[in-house]
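Whole structure, please, built from the sequences with the hints as guidance.
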Amino acid sequence: MIRILSILVGLFFSLALLWSFGTGAVTVMSEGQFKAPTAEHDFHKHPKALRLASDGAFGRFDRQQLQRGFQVYKEVCAACHSLNLVAFRDLAQLGYNEDEVKAIAAGFEIPVYDKHTGEVASHPGLPTDRFPPVPYAGMGSPPDLSLIAKARHDGAAYTYSLLTGYQDQPAELLRKFPDARTPEGLHYNPYFANLNLAMAPPLTGEGQVTYSDGTKASVDQMAKDVSAFLVWTAEPKLDKRRQTGWPVLGFLLFASVLAYLAYRNVWAGKKH
Amino acid sequence: MSFPWANEYKPSHPLMQWMDQKLPLPRLVYNAIGAGYPVPRNLNYMWNFGVLAGFCLVLQIVTGIVLAMHYAAHESVAFNSVEHIMRDVNWGWLMRYAHANGASAFFVVIYIHIFRGFYFGSYKAPREMVWLLGVVIFLLMMATAFMGYVLPWGQMSFWGAQVITGLFGAIPLVGEPLQHWLLGGFAPGNAALNRFFSLHYLLPFVIAAVVVLHIWALHIPGSSNPTGVEVKSESDTVPFHPYYTAKDGFGLAVFLLLYCAVLFFAPNMLGHPDNYIPANPMQTPAHIVPEWYFWPFYAILRAFTVDIFFIPAKLMGVLAMFGAILVWFFLPWLDKSPVRSGHYRPLYRKFFWFGLIPAMLVLFWCGGAPAEEPYVMLSQLAALYYFAHFLLIIPIVSSIERPDPLPFSITEAVLGQDEKSALGQTEPSAA
Chain V
1 MIRILSILVG LFFSLALLWS FGTGAVTVMS EGQFKAPTAE HDFHKHPKAL RLASDGAFGR
61 FDRQQLQRGF QVYKEVCAAC HSLNLVAFRD LAQLGYNEDE VKAIAAGFEI PVYDKHTGEV
121 ASHPGLPTDR FPPVPYAGMG SPPDLSLIAK ARHDGAAYTY SLLTGYQDQP AELLRKFPDA
181 RTPEGLHYNP YFANLNLAMA PPLTGEGQVT YSDGTKASVD QMAKDVSAFL VWTAEPKLDK
241 RRQTGWPVLG FLLFASVLAY LAYRNVWAGK KH
Chain D
1001 MSFPWANEYK PSHPLMQWMD QKLPLPRLVY NAIGAGYPVP RNLNYMWNFG VLAGFCLVLQ
1061 IVTGIVLAMH YAAHESVAFN SVEHIMRDVN WGWLMRYAHA NGASAFFVVI YIHIFRGFYF
1121 GSYKAPREMV WLLGVVIFLL MMATAFMGYV LPWGQMSFWG AQVITGLFGA IPLVGEPLQH
1181 WLLGGFAPGN AALNRFFSLH YLLPFVIAAV VVLHIWALHI PGSSNPTGVE VKSESDTVPF
1241 HPYYTAKDGF GLAVFLLLYC AVLFFAPNML GHPDNYIPAN PMQTPAHIVP EWYFWPFYAI
1301 LRAFTVDIFF IPAKLMGVLA MFGAILVWFF LPWLDKSPVR SGHYRPLYRK FFWFGLIPAM
1361 LVLFWCGGAP AEEPYVMLSQ LAALYYFAHF LLIIPIVSSI ERPDPLPFSI TEAVLGQDEK
1421 SALGQTEPSA A
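Protein sequence lines correspond, in order, to chains V and D. The numbering used here applies: residue 1 is where the first sequence begins, and numbers increase by one. The numbering used here applies: residue 1001 is where the second sequence begins, and numbers increase by one.
Any given hint might turn out to be false.
Unchecked claim - Subject to a maximum C-alpha distance of 30 Å in a straight line, what follows is the list of computed DSS-like cross-link-like pairs (lysine-lysine):
id, chain 1, residue 1, chain 2, residue 2
1, V, Lys48, V, Lys237
2, V, Lys48, V, Lys35
3, V, Lys102, V, Lys240
4, D, Lys1336, V, Lys270
5, V, Lys271, D, Lys1022
6, V, Lys270, D, Lys1010
7, V, Lys48, V, Lys74
8, D, Lys1336, D, Lys1232
9, V, Lys35, D, Lys1314
10, V, Lys48, V, Lys240
11, V, Lys216, V, Lys45
12, V, Lys115, V, Lys48
13, V, Lys271, D, Lys1232
14, D, Lys1022, D, Lys1010
15, D, Lys1336, D, Lys1314
Stated by the list, open to error - Have a look at the derived ranges for each label pair, beta carbon to beta carbon:
id, chain 1, residue 1, chain 2, residue 2, range
16, V, Pro127, D, Leu1028, 53 to 59 Å
17, D, Pro1177, V, Glu100, 43 to 49 Å
18, D, Tyr1111, V, Val26, 32 to 38 Å
19, V, Ile4, D, Ile1220, 27 to 33 Å
20, D, Pro1026, V, Leu18, 26 to 32 Å
21, V, Gln243, D, Ile1325, 41 to 47 Å
22, D, Ala1072, V, Val112, 18 to 24 Å
23, V, Gly269, D, Pro1374, 53 to 59 Å
Hint data in this document are derived by calculation from the structure and do not stem from the laboratory. Since the model is a prediction, treat every value here as computed from it, not as a measurement. Just so it is clear, CB atoms sit at the ideal spot from N, CA and C, and this is done for glycine as well.
See below:
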């Protein structure tokens, strides 16, 4: 009885799926393609390769680079993008000493809302404060950057490619998709998912920031440095995680060997 | 239960004797997972995964309790409280990654455990109840994992909750009110987040209770084994302790090695980047995908694209998705072959390796891919095979198949000799 029922139910599901498959197949055949081509699909590029000191299982943050990246954030990105999960005290991890952290914090105004009157006052930042919200009135909605390296596929390679990827719209794109012209006020960037980005090219030329360590501030260098910095803001505990991981794996490898020997010992002479 | 030759618990220490008289808990443990439980001697490594699943449950409960101490289930702060755990709580990042990857590890283990059951016919009499309880555990795990994924209140949390509760909206007449009742609102919000947190904390303990029943039911007939031949004599078994505690200890160490490699070096590999974006009801992600362990069933959900008479395609998909798991409940009665193990079922074995496994892998792949061609068509073919496998092929194969000859006993399978000479050669079981 149950098997007859099951065969009936099985036939029902199978026929429904065959029907669905047939409908899909007919559509594909009549259109001659799986999916109508789109500009986003044909012209979106995979991020460029980016090699950072923090990559790989043995990677470590390059603090010098993180400091440079922080400088780029502070002098360029911070005009529009907040960093609200990072506290000034965290900057000590980049190698700044206590006085430097205090000075950096004091450079930011922290808004304070009066609970009773609703009025906004502000005070200079303290190391315990987090980076303040950034008021923005322009087009688009600049995301907070604290987690951006983990919130996008390919992380730092993506931010690096985006920052260095602005270009004119390829003629081929306009030939194939005449309707896909970049709208007024947007900027063409093949590394952005829908190709047109509200953010104007933020890194415009060499020497936009002046690095105190003497590194030449090319657009490429600035993009690399700020991408490295954003890896740190997304996961400040990255170094500690890997430093913890190796001894743990070493111990577990040793434990596995011991456990295997114990297993062999217990089962010695017992065929199984 | 036990086999008549099972070791008896004989406490030697006066304290343990006293305890045994007042509350024989040590005796229970001894008989359940100690030297008092005789287990077939020929279990292979596939039999490690039950213990590993139990370990994962404990791991999830322990890390989860710690996380709950620092997490705040309110839509305005949930996302930031998770980041607070990652940044400011001592070893919080470890707890959170251990929990998130622990869920994935749990599902890896449980899928292997379930497919072990499929191949070796572990669901067959006299172990139907073990199997049924196992399917209940799997369903509870899915509910728990789904609600847990909502808690960080990222984009995938929010939209996943929207899509999954929307499935209930497909039920005719009561669907929409039911969805609103489940969510406590018209869309996922604070009410949903709070109840999901409450249930996410409750369900693991329900799972633990069903696990106790699962193990209890297992101990009535005793463990199955790779030959599928039932235990006949003492020489077929070894005491669980020390034999399988030693083997499970090795399995556990290897499991931990792999788990920690992911945990420390690729903890976001199995997650979706969008869940590091705070939930935003005004912005739908380009592709809403659940966690990887739901992909096969998500693919089945999306495989139904045409209305069947009066049944809308969406409802068909929902029925099929739940049906895909509910069908496992009927498996013991669909498969009438008296032979349990796939080792001795040449035809069933072919359908398992060349049908079910590839179909499952295709469903996995398609479930994580966007809902466009050719993935939809591939998932339709794979889903077709999936249902045909359980509802058509298994009943038919079990009637027409001619199984290979079975060994007389486990001992004979292991030693290649008949019962009598084998018995003469084996030493008495270790205490």
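Check: Per the hint of 41 to 47 Å, is the separation of the Cβ atoms of glutamine 243 of chain V and isoleucine 1325 of chain D within bounds?
Finding: holds (42 Å)
Margin query: Check whether the Cα positions of lysine 271 of chain V and lysine 1232 of chain D lie no farther apart than 30 Å.
Written below: At roughly 17 Å apart (the allowed maximum being 30 Å), lysine 1232 of chain D and lysine 271 of chain V satisfy the hint.
Notebook entry, point to check: Is lysine 1336 of chain D close enough to lysine 1232 of chain D, meaning Cα to Cα at most 30 Å?
Noted result: holds (22 Å)
Checklist line | Consistency of beta-carbon spacing, leucine 1028 of chain D to proline 127 of chain V, with hint 53 to 59 Å | finding: holds (56 Å)
Notebook entry, point to check: Are lysine 1336 of chain D and lysine 270 of chain V close enough, with their CA atoms no more than 30 Å apart?
Noted result: At roughly 34 Å apart (the allowed maximum being 30 Å), lysine 270 of chain V and lysine 1336 of chain D break the hint.
Check: Given the hinted pair lysine 48 of chain V and lysine 35 of chain V, is their alpha-carbon gap at most 30 Å?
Finding: holds (26 Å)
Note to self: For the hint 26 to 32 Å, verify it against the beta carbon of proline 1026 of chain D and that of leucine 18 of chain V.
What the structure shows: violated (59 Å)
Checklist line | 30 Å limit on alpha-carbon distance, applied to hinted pair lysine 102 of chain V and lysine 240 of chain V | finding: The hint holds at about 24 Å.
Next item on the list: Measure nothing beyond the straight line between the CA atoms of lysine 1336 of chain D and lysine 1314 of chain D; if it is 30 Å or shorter, mark the hint as holding.
Entry: violated (33 Å)
Margin query: Does lysine 1010 of chain D sit within 30 Å of lysine 270 of chain V, going by the straight-line distance between their CA atoms?
Written below: Status holds; Cα separation ~25 Å.
Check: Hey, lysine 48 of chain V versus lysine 237 of chain V, does the alpha-carbon distance stay inside 30 Å?
Finding: holds (26 Å)
Notebook entry, point to check: If you draw a straight line from the CA of lysine 35 of chain V to the CA of lysine 1314 of chain D, is it 30 Å or shorter?
Noted result: holds (22 Å)
Going through the hint list in order, the structure does not satisfy hints 4, 5, 12, 15, 17 and 20.
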